[in-house]
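Asks: Residue-level listing of the chains:
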Amino acid sequence: MTDLIKYTAADTAAAIASGQVSAVEVAQAHLDRIDAVDKKVNAFLHVDTEGALAAARAVDAKRAKGEELGPLAGVPLALKDVFTTQGIPTTCGSKILEGWVPPYDATLTSRLKDAGVVILGKTNMDEFAMGSSTENSAYGVTGNPWDLSRIPGGSGGGSAAALAAYEAPLAIGTDTGGSIRQPGAVTGTVGVKPTYGSVSRYGLIAFSSSLDQGGPCARTVLDAALLHEAIAGHDPLDSTSIDAPVPAVVAAAKLRDVRGMRIGVVKEFAGEGYQAGVMQRFNESVELLRELGAEVVEVSCPSFTLALPAYYLIAPSEASSNLARFDAMRYGLRVGDDGTRSAEDVTALTREAGFGPEVKRRIILGTYALSSGYYDAYYGSAQKVRTLISRDFDAAFAGVDVLISPTTPTTAFPIGERADDPMAMYLADLCTIPSNLAGNAAMSLPCGLAPEDNLPVGLQIIAPAMADDRLYRVGGAVEAALNDKWGHPLLEEAPAL
Amino acid sequence: MPGITREEVAHLARLSRLELQAEELDHFAEQLDVIIGAVARVSEVAGQDVPPTSHPLPLTNVMRADEVRPSLTPEQALSGAPAAEEQRFRVPQILGED
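Chains A and B, in that order, are what the protein sequence lines are. For the first sequence, our numbering gives the first residue as 1, with consecutive numbering after it. For the second sequence, our numbering gives the first residue as 498, with consecutive numbering after it.
Derived from the structure by calculation, the hints contain no laboratory data. Just to be clear, a hint being listed does not mean it is correct.
Derived Cβ-Cβ restraints for the label pairs, each shown as a range [what the hints assert, rightly or not]:
hint	chain 1	residue 1	chain 2	residue 2	range
1	B	E504	A	R330	43 to 49 Å
2	A	H488	B	L512	29 to 35 Å
3	B	E504	A	E492	34 to 40 Å
4	B	V565	A	S239	17 to 23 Å
5	A	E272	B	D523	27 to 33 Å
6	B	Q584	A	G66	32 to 38 Å
7	A	A395	B	V531	30 to 36 Å
8	B	D523	A	A14	55 to 61 Å
We treat Cβ as the ideally placed atom computed from N, Cα and C, and that holds for glycine.
Modelling step: build the complete structure from the supplied sequences, incorporating the hints.
Replies: What follows is the structure, given as structure tokens:
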């Protein structure tokens, strides 16, 4: 049954629950698929064959005993290598953590296991989640299944590529400046950055603590919602976890009705630097939403033009502090400890050998922005911009239910094109960053192929904090209408691997 | 806003415990100068009377009950250590010999 790899997560779970297929068969089908295509795609850094089959057997045993199965029991998942997994290597895409086997599970990992989700392995990513292409991984770049010579986005390119290559129906990403949504956009998959604080960061290797947020990646809006409900919710082990009920995202994904909703088009996300085919598909989505009965208005958020510069001060500042923990003393790489060198020298030699260029650049940039004399002008101003951006969102959401924009200014660019031009790379996150700075919720879903290059275009939907259900309501309606129009999901148009 | 010099990058690298090579210093100084030139736009708002936001959630001092709970065993805690001895992390010398 090769078809098993094309099932949605919802259909997979239903087929397992009804006994049509066993969880072990489902897991094996995906492991076989990984075996067949991952040499080309390089989505996975580590495949846990034994662990996946054991988890699947446990689901089958539970069913045999007549126990009730959860809504995702037996569904395979690809986990971004930024979350700790007990007994399974966790590298964060870095040489400094090569071979590290965490002694504990992240809260998100535990929740997946409790839900009966079958973790297939750990996916490739830009080192410490810093990047928009996975080219910054210490373990080689991941190919975009639509065109292997192009980037799959980043930092969660491995998770998005695993979905688009049918290696897994579900994946987990983290979104600090767009690392779930941008890979989703360029691979024709769905990615959601939940409200900051709704998915626990315990066991998530920190890049920028006030921005990092784990979230679901899937091929359909409903599958993303099912995964969202499985991983979200209060966690006492994360002091920034929101102690409030998770919005009813699964119910919202099934509504498929946007009549009466007010939707704002962000005026600032258009113009120079936006690919014509991206704007064409975006404008068609705007028209579609009108046809579906939503009221669409233009909204101006003037401070968004300062979001990118503010982000590239705040995120590196927090990173320079967070990455100080990689000191070669307690875990990870240690270089140059020959008995003559001091601990300080060993730390500096290890960090030089263990970190890649983008991580070093950001550590230096963050250290600069936080140094006395520059702090007020840079970090202080960036924090003020953050306030202005939140005010722009508040003003916008006073008049509309959600905001929409293209997820990324362009489709997937060729591997290597921006690799040594940090500023060009940073522009990939232009439209996604404001939601991280404000901490609200945002989704990317496919809205067509750009006519000039036949590559996927992402539609971004942004909702106020703790109104994540609105993303799924709008996303579910758009997805259903587009699939009707196309006669099939967009991914069906991807070339065979 | 002034740019960044190679000497400043070298100083920042020392503060960050990064033993950069000479050619890395050249390359990073050039790139960081461009990046800093671009991000310096935030100082447009420096004079404005706007409160700073350090975090999206208005949380302060989240406390938990001071209770004994299960934690890692010494073996687990030391499992990733580059060197360990007598249930402790073994580290290179911290103080000078003299």
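Asks: All hints are to be evaluated individually against the structure, with a verdict given for each.
Replies: Hint by hint, here is what the structure shows:
Checked against the hint of 43 to 49 Å, the pair E504 of chain B and R330 of chain A fails, with Cβ atoms roughly 33 Å apart. Distance hint check: the CB atoms of H488 of chain A and L512 of chain B are about 55 Å apart, inconsistent with the given range 29 to 35 Å. One distance hint, 34 to 40 Å for the beta-carbon pair E504 of chain B and E492 of chain A, is violated here, with the actual separation near 57 Å. Distance hint check: the CB atoms of V565 of chain B and S239 of chain A are about 19 Å apart, consistent with the given range 17 to 23 Å.
Range check, E272 of chain A to D523 of chain B: Cβ separation about 32 Å, and the 27 to 33 Å hint holds. Distance hint for Q584 of chain B and G66 of chain A: a CB-CB separation of about 46 Å, inconsistent with the stated range 32 to 38 Å. The hinted window of 30 to 36 Å between A395 of chain A and V531 of chain B holds, with their beta carbons roughly 33 Å apart. At roughly 59 Å, the beta carbons of D523 of chain B and A14 of chain A sit within the given window of 55 to 61 Å.
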